[in-house]
Amino acid sequence: MASVVSLHPRVPLWRDVRVLSALGQAIFVVVIIIVGAFLYGNVRAALQRQGLVTGFDFMRAPAGFNIGDGPAFEPSESYARAFTIGVINTLRVIGLGIVLATLLGLVAGVARLSSNWLVAKIAAVYVQIIRNTPLLLQLFFWFFAVILKLPNVRNSITLPGPIYTNVRGIYVPWATPTETFGAWRNALIVGVIVAGLVWLGIARWERRTGRVGFAPLYALAAFALMAVVSWFVLPSAPLTPDVPTLRGLNYRGGARMSPEYAALLFGLVFYTGAFIAEIVRAGIQAVSKGQVEAARALGLRPLLVLRLVVFPQALRVIIPPLTSQYLNLAKNSSLAVAIGYPDLFSIGGTIFNQTGHALEIISLIMLSYLTMSLTTSLLLNIYNRRVRLVER
Amino acid sequence: MNRKLYLVLAGLGVVSVLLAACRGAATPTQAPAGGEAQTVEVTRIVEVTREVPIQATVVVQVPAKVVPTGGRLDTIKQRGTLICGVNGGLPGFSFLETDGSFSGFDADFCRAVAVAVFGDPAAVEFRALSAQERFTALQTGEIDVLIRNTTWTYLRDVELGTTFGPTTFYDGQGMLVHADLGVATLEELEGGTICVQTGTTTELNLTDQMAVRGVSYEPVVFEDIDATYAAYEENRCDAVTSDRSQLVGRRSAMADPSAHVLLDVVMSKEPLGPLTLQGDSQWSDVVAWTVFGVIAAEEKGINSGNVDTFAGTTDPEIKRMLGLDDSGLGAKLGLENDWLVKVIQEVGNYGEIYDRGLGPDTPLNIERGPNKLWTQGGLLYSPPFR
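Protein chains in written order, with this note's numbering: chain X, 5 to 396; chain S, 70 to 455.
Just so you know, these hints were derived from the structure itself, not from any lab. Bear in mind that the values here come from a model prediction, so they are computed numbers and not experimental data. All C-beta atoms, glycine included, are put in the ideal place defined by N, C-alpha and C. Where hints are given, some of them may not hold.
Label-pair ranges, simulated between beta-carbon atoms [unchecked claim]:
#1 X:A76 x S:D333: 30 to 38 Å
#2 S:Q351 x X:N156: 53 to 61 Å
#3 S:A280 x X:N46: 40 to 48 Å
#4 S:R148 x X:A286: 49 to 57 Å
#5 S:R148 x X:L140: 31 to 39 Å
#6 S:T444 x X:V150: 37 to 45 Å
#7 X:R251 x S:K338: 27 to 35 Å
With the hints as extra help, turn the sequences into a complete structure.
Following this line, the structure appears as structure tokens:
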């Protein structure tokens with residue numbers, strides 16, 4: 005092949021990098037499609053051979069089982085409703101779990117960097133032990149070795165309230181809505197709007213006069229005033245107290261935190277908190293020492309240095325790995341089935357056992373976790389984009 | 070030049086992948102349909118009834134859904150071991166002992182099927198399965214037979230693509246409560262907490278039975294059988310419900326068996342038996358007739374001690390069962406003619422299997438009740454070996 009030398013050498017097609025890369029990508033996509041089609045065809049043939057039917061119609065059948073925790077559920081309601089309750093239960097654990105784990109991680113992370121030797125060592129021991137043992141083991145420990153060792157129903161620990169703590173759960177007095185509750189709730193919504201207006205008004209007055217007005221305080225006062233006034237204006241009280249009382253074998257009434265929920269929450273919070281502690285520590289140490297020295301030179305107390313100078317800069321480093329830890333917490337909550345908490349994985353498993361439709365149930369479970377995880381990471385990525393370091 | 074080589078290799082790779090995919094897509098199916106010792110080979114899965122004419126005037130009807138028959142037994146024989154799904158955590162039925170072997174009623178039936186096929190009770194590989202995964206393991210073909218205290222129900226038989234063998238143990242659902250509660254009936258459990266294992270018929274029956282009685286309760290559902298009973302022992306629940314045989318078995322392993330009382334209530338029918346995959350009638354027959362064989366052996370008074378003395382018997386049915394005449398019953402099933410002799414020698418008849426796992430010398434000591442022979446007022450009835 006004679007090579008042509010010119011000022012603008014024309015690259016032959018089979019050597020052109022752009023063509024080759026485009027061809028490579030096209031081949032890759034074709035291979036993926038072929039593999040996917042083969043797998044799909046395989047599954048279909050196997051299902052046909054077995055005589056198994058696919059489809060989601062079975063979700064409308066009555067469930068036939070009870071759910072011990074979460075919103076009220078009758079066995080005559082559908083499987084779909086049961087699955088929804090499972091999702092709600094999972095969200096209950098994840099929501100509170102994320103908040104508490106973050107708080108615990110923050111405290112433990114800062115404690116590890118403390119100049120107090122004992123505080124730093126305690127935090128270090130906590131992080132090392134919890135991080136390096138399996139989560140399932142910790143859940144079993146919390147459930148069997150801690151929660152289930154609480155006293156029997158007859159010998160409950162009674163706290164003023166009355167709050168009863170026993171092996172069946174923690175019972176606190178609660179309030180049930182009466183017929184005037186709807187009206188009171190509307191009054192509360194109006195109160196929120198009024199409080200918002202008050203806040204905006206005071207902010208505008210601040211801008212105009214340059215003086216300091218305590219906007220949150222006045223907004224809160226406006227809301228509280230609205231709530232109290234509407235309570236007494238209504239003909240009858242919107243809420244009645246619901247006190248737990250011992251009836252027969254269990255306490256009835258009031259609000260209850262079940263032992264399974266408590267064990268799962270503690271286990272997840274302590275486990276994820278240890279990981280978050282390390283992330284927080286890494287973020288704080290990522291802030292250059294000059295910042296701390298300058299802040300101290302200005303005369304700021306160590307706590308104010310942390311709050312005003314170090315932490316806003318550390319946050320930029322903390323947020324991306326923190327997202328991963330939140331997703332880990334969400335997915336680890338599926339271990340609830342091992343300690344009897346009816347989360348979406350456990351209820352999905354029960355539905356699968358009663359109906360036998362493995363593919364549909366597994367895909368539903370995966371879809372639920374995927375939705376939750378994607379939503380969490382989306383929100384956190386939006387927040388990350390606002391606080392991150394934007395360089396050139 | 071190596072750029073050209075790279076392109077050529079990439080092209081060859083694409084072409085070979087395409088060829089492999091095309092051949093993999095078609096699934097050939099073999100369906101031997103005998104008529105005058107001629108075989109018909111069908112290479113497509115057909116979903117309608119088709120008449121396939123052969124050379125002679127014999128017209129053979131291919132069944133509506135062409136499924137492979139006789140496949141499983143051949144696969145097992147080739148493999149050399151039987152893969153049997155069991156519980157592994159239920160004393161008396163299938164329990165993993167400290168030396169690594171599986172003991173119990175269900176485990177012995179696994180060995181009986183293995184002896185029927187191979188003549189060797191050790192030619193079996195046990196798989197301990199949870200209640201959640203047992204049906205999937207069978208559906209995917211990971212195990213050959215599931216002998217795991219599984220209740221025979223309509224939906225399980227119809228919807229899961231599995232077939233039940235004859236019932237080996239007629240059980241019922243019961244309730245185990247703490248003795249200090251002083252509860253004697255289900256109605257007295259009003260407002261109480263009940264532990265139950267997920268993936269079982271007990272979960273559904275509990276709901277039904279309590280609804281019939283108008284009793285409200287709080288269920289606590291676990292996946293693991295050990296967690297269920299541990300939570301019950303720790304007083305998380307007032308009662309735990311399961312098959313009566315399972316409750317007796319687990320109570321014998323508790324710290325203080327006398328602190329728990331089995332209520333005198335039978336909440337449902339729980340016929341426990343083996344399962345095989347639907348569509349392989351030969352393999353299902355092997356399992357079924359192994360069960361019937363040990364039941365018939367007890368009926369005829371044959372046990373592992375005296376099976377050799379029946380060599381000169383004049384009873385025609387025993388001769389057929391033990392392969393002593395030339396009726397060749399074993400060969401029709403794809404087994405050796407003396408398969409039942411070996412089963413009885415190595416594992417025993419039904420009574421011996423029962424006594425070894427659940428009898429008066431074991432901690433469980435479950436009385437046979439409906440699990441006696443029909444001649445003694447029970448429900449065990451084998452069809453004739455003819």
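Outcome of the hint check:
1. X:A76 x S:D333: 30 to 38 Å: Given a distance of about 33 Å, which is inside 30 to 38 Å, the answer is holds.
2. S:Q351 x X:N156: 53 to 61 Å: Hint holds: Cβ distance 56 Å, inside 53 to 61 Å.
3. S:A280 x X:N46: 40 to 48 Å: 43 Å, holds
4. S:R148 x X:A286: 49 to 57 Å: 53 Å, holds
5. S:R148 x X:L140: 31 to 39 Å: At 34 Å between Cβs, range holds.
6. S:T444 x X:V150: 37 to 45 Å: 56 Å, violated
7. X:R251 x S:K338: 27 to 35 Å: Holds, at about 34 Å.
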